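Novice: Chains as they are written, first to last, in this note's numbering: chain A, 1 to 312; chain B, 1 to 274; chain C, 1 to 266.
Incomplete in silico selection of chain C near chain A, CB under 10 Å:
no.	residue
1	Ala9
2	Thr12
3	Ile26
4	Val27
5	Leu108
6	Thr110
7	Leu112
8	Leu264
9	Thr266
Bear in mind the hints are in silico, worked out from the structure with no lab data behind them.
Owing to the predicted nature of the structure, the values given are computational and were not obtained by experimental measurement.
Don't be surprised by glycine CBs; every beta carbon is placed ideally from N, CA and C.
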Amino acid sequence: MSDPRDESMIRARDLRKSFGDFEAVKGIDIDVRRGEAFGFLGPNGAGKSSTMRMIASVSPVSSGELRILGMDPATDGPAIRGRLGVCPQEDTLDNELNVFDNLYIYGRYFGIDKATCRDRAQELLEFAQITEKAKAKVEDLSGGMKRRLTIARSLINRPELLLLDEPTTGLDPQARHVLWDQLFRLKQAGVTLVITTHYMDEAEQLCDRLVVMDKGLIAAEGSPRELIKAHSTREVAELRFGVGENEALAEKVADLGDRIEVLPDRLLVYSDDGDEVVSQVHARGLQPLATLVRRSSLEDVFLRLTGRSLAD
Amino acid sequence: MAMTPRSTDLGAGKLSVIEGMTRQYDYWLTVFKRTWRGGVANSFVTPLFYVVAMGVLLGGFIDGDPEKLEGATSYLAFVVPGLVAAHAMTLAVGETTYPVMGAIKWHKTFYAQLATPLAVRDLVNAFLAFVLFRVGSACAIFMLVLAPFGVFETWWGPILAWLSQVLVGMAFATLVFAYSVRLRSEEGFGLIFRLGVLPLTLFSGAFFPISNLGPFLEWVARLTPLWHGVSLSRMFCLDTVDWSLAAVHVVVLTALGVLGWWLAVRGLDRRLET
Amino acid sequence: MALIGSIPAPPTPVAAARLLVLRNFIVYRSAWKLFITGFLEPVFYLFSIGIGVGKLIDTFVFHGEQVPYAAFVAPAMLATSAFNGALLDSTYNVFFKLKYDKLYDQILATPLSTGDIARGEITWGLLRGSIYSAAFLLVMVVMGLVDSWWAVLALPAAVLIAFAFSAVFMALTTWMTSWQDFDKITLAQMPLFLFSATFFPIEAFGNGVLRWIVEVTPLYRGVVLCRELTTGVVTWQSGVSVLYLLAMGFIGLVVVRRRLDTLLRT
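Just chain A, same shape as in the assembly:
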């Protein structure tokens, strides 16, 4: 039986972070195992970025226990950072250097020798599919390319653990899929991924396990499927009655499902059989402007747990 410490990439117990009087992270417990893709799902201001910065060993822990790769960031910061890859929310690329030098110089910060840096930089340019832009200025790249470059840069030291803070925010759909593909390949190669996101499709696609964070605390934990099963029904029927009328009609359909949510633009009726709900609605003489039957998603889980939608 291998030492469980080898397999634990991140371990947090009652982890807290305060900025003056404001407590951003209010005591969370986390376990991330080697080789998995772990997600922090939650809206802006949930405490995800603060947690990530503590894990990245750039922000000191206010209280609680935190071990990354078995080491304590308070004493072994540089050693931990040498084995991490960090892809921050804003592309903090070096705007004064060209694309190739961004990778090369960053690699040198880790103490990697010149020849290896050069080789790896070349390799990573290909991985990120921006080889032809090697000598270009960073500001001339598109948003998607900059993000791919940031991810490539975070791999220069061949990290065991890769931290990605909102990796696809602001990218167009095609760019997002290219990125997801790259992350999936990394995971297959054995890199442990930790991702924060407020996109439920991203969380569902990429993560093996995730925690739902809200206001500094963890509201739920598990794989996407487990979460949906535990906190939502199998299907959802969305009913749109026109602005201002959804709320009024809520009582009339309340009994059709296990649960009902009233949103400004539609009603959500949770049940195991969405089609049945819709036909019942029609049978009662109600005439929605539009209906949609879909499977439950993490968005529904979040709505259930916090009463708000993810995209706040």
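Given the structure of chain A, go ahead and fit chains B and C onto it with the hints provided.
Specialist: Same frame as chain A, but now just chains B and C:
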């Protein structure tokens, strides 16, 4: 409430020059109110330091020999007119480099203004009028502050000197404006200050008579616009006026100003079209 | 692509400082024009005031020796070129990297520390000031304004001046919050430049309080040190200047490190 346009509102010919300028009065007034405080230190305190350090302290070691100082009885009296003229140039260049590029590239104010009945010519005029105000007021304050120190020979001299300073300032304003509208990146400005403003300030006769430079360099100095401004300003302050030379100075500076204005309007027109 | 590999040791402090200097060097390679023009400023002053105004003055007495005006002004310009070189890189550029590029945040995500950043950036400021000074010293030698073999030490003196100012300016920059704060820097730079006995002897301030105030200002100590070395009139006061500048530099270094910790390691 009828919102139909009246025929007199619709592009009935270009605005007159005056109208074009007065419509921007409120804009420039707001700009002034927001920025005058920051400018005070740089536009007033810095040249005052030069006057004290060079004119007074260094001047204490220099003989007040009118033969060597182009008619001045003290080094202080010699440098003051030149320093104020150089300062007019520095202010003018400062106002027509970064702010012009800002209006084109960063804040894009010119584009916004052009979406109204205003024309490119009006934008340039109003901009230059603001620069005129800044240069004029800064130099006037300066001259007033220095008046009690016995550096002026007559009461009317400083007034004409002030006009000369404004003239040289505006000549630079228009020329640099014309340059700025053709520039793509602000890196060029660093060179203007280091290879333009600084050597001009140092070698145009503000600190020492250009005859000290030797015959060849003396003629080079005479070709610079700043020398004309310095010379004019000094002659009036020291009452050593050579009217024919003064006339040459005025003609040269005015011609440069007009040329600069014409190049500025054309350049801005072309730049905002692309 | 084989991903997980062996982990190299984090760079030593010296290696880290070298890396940051290398990075700045790569950036400046393309901006060499602007780099070179920075050298010209003290040269212009030398020719203009030193020579042009020099024709109006005979000599000055410095520590009991007669010194022609150009030879009097030149060492002050040497000190000033070190000062200018350090200033540019330790203020505007640092501010930009700190607030806009967020360069230091990037670097801190690696094994490097705030101490590495402080040392690296100050070393660069120091190098830039020193390059300008070395070139200026050459100009002085060519123009025959150097009077003694002590002048060989003028270059290390200039390096010391660049170090001291680089550290202190960088420390001040960490407190700035907006571009308007830079007006304060110009406001400080101008009087330092003009009143540190650069163009006239310190006797111009009389012999009272004013003179002693100037004696403790940093650029004056740099100017008088260089002047003593190039005219060959070295006294115990030169030693005082050296200690003064060393202390200034090291205090600045410590402050920069602390400030970076406060700003970036929250």
